[in-house]
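K.L.:
Fit chain B to the supplied structure of chain A, relying on the hints for placement.
Here the protein sequences come in this chain order: A and B. Note that my numbering has the first sequence beginning at 1, numbered continuously upward. Note that my numbering has the second sequence beginning at 1, numbered continuously upward.
These are computed hints drawn from the structure, not numbers from a lab. Quick caveat: nothing in here was measured; it's all calculated off a predicted structure. Think of the CB as a built atom: it goes at the ideal place given N, C-alpha and C, for glycine as much as any other residue. Each hint should be verified, as a subset may be incorrect.
A few chain B residues that face chain A, going by a derived Cβ cut-off under 7 Å, partial list only [to be verified]: (1) L72; (2) A98; (3) F125; (4) G131.
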Amino acid sequence: MSVGFVPGSGPLHRAHPFTPLAIAASTAVLAFALPVPFGPMILAGVLLLLVLVERAPVLKPALLTALPFWFFLYVIHGVFGKHPVIALGLSARVFAIVLGFLLALATVHPGRLVDALAERGVPFSFSFLLTATLQAVPRLRARATEILAAQRCRGLRVRGSIWRRAAAVIPLAVPLVLSAVAEVDERAIALEARGMGGVTNRTPLHPPPDSAVQRLIRWGLAAGTVTAIAVRFV
Amino acid sequence: MGVGRRDGHRNCREIRLITFDRVSFTYPGADRCAIENISFFIEPGSVTLVTGSLGSGCSTLLLVAAGLAPHLTGGTLVGKAVTLGVEVGAQAAHRQIAGRVGLLLPAPWTQLSGVAFSVADEVAFGPANLGRPRDRIARAVERAMALAGVSHLAERDPTTLSGGELQRVILAGIIALEPEVYLLDEPAVELDPEAADAFYRMLPELAREAAVVLATTDTDRAVEVAARVILLERGRCIAQGTPDGVLGSEKTVSASASTTVAQIAHAAGLSGPFPLTPEALALRFNA
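In isolation and in its complexed conformation, chain A is listed as follows (with noise of 0.2 Å):
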């Protein structure tokens, strides 16, 4: 199970980046807006018809994540407050959020998602941000692997009670860690180097194209959900 981009041919995937993040921002606010228990529950199930019409492999994390949030809801309103149809209610509310994002993270490309927020104007160092960041977790997964076989060599014993496993994560953590720190000055410069941090918008290399169905989409989506907060709060 991974999470994060799945390549794909979806309409999801070809659509323009501000797409499936317009669908998962108003799908979490109109998981709150919409009235429990058949609000959350009509936008869950819209979300999950997105799911399997995409073909994105998000279902399984996406209960995994949301089973303990489930546990919890069911104990407390459907044991403890004798309202099982509430419990529902606000598990079908934490299913759709969880749902939402998770499949946007899947269908959208970090990279199209640089170039598109460059397109507008949004400075660099923000979609930077967001995109070193999802690169930098491979990368220091496979650093941990080197650094844990390093450190086998070396004798560490990583198997066994659960004592003896936490006991071994400090091995791993403290080289990781440091690694990391002393990259940073080095990674500063080069990026320097290489023109960041100037002064002249960056040009995005492959800008991802939108259309006037998307844009109506997404103004529907925005319109839809100010409209929800003011039915449910003013």
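P.N.:
Same frame as chain A, but now just chain B:
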């Protein structure tokens, strides 16, 4: 891309691209200068080798020339260092010369942009940051990848490359900037011998359109292309001039700072100036 071609008003053939006048630099907290009282100049179209034992200040010299020390590193700069007409000690000097100086560091993995998902985009990272038009970036990227020998990797994910491939990709990224001065710090350290040879053979091509300053201890290969050598020891310039004059001297060879061929000639009992390349050694024996 030549300097004259890119900006008609800036004819680099008439100026010194880099001038150091009694430059010293000390890192924050250090008790001695990393470079001390260094003076030299770099002219367009030249390949200059900066060499010396580890810790002699070669990398620092490049950082100062690139305008990144002291701006990013902190520390104290004394003397006058001018790169491409900009005094590097001045406020935001590194921003003024960004993209006009191509700095390559020894460890390629620390130079990955972190935002590119293909080698082609990694190479395009620098010119895109400088806001250059897309068609110009595309041309520069294609040329840079061909020069660095990484065209076949264009669609690969940069994080999946080997150290040698990555180093060539980062070099392509520097070439794509179309700089007026290349500052290359141990540029072939991750390359296998064949790739390193190919890299050094490419340097005269780069120098045709810009100046190249090469900081390396790989003097065997560097003397094949360098027209000028600056020899550092503990931050001080102890000699500069032609490769034969500097690296072929009795003193340099005795200090093991010269080429393998010169060391062999020295051990074989030849007298200085020592030959630096196998060809020169053969000539010497034949003479």
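K.L.:
So which of the earlier hints does this model not fit?
P.N.:
Failing hints: none at all.
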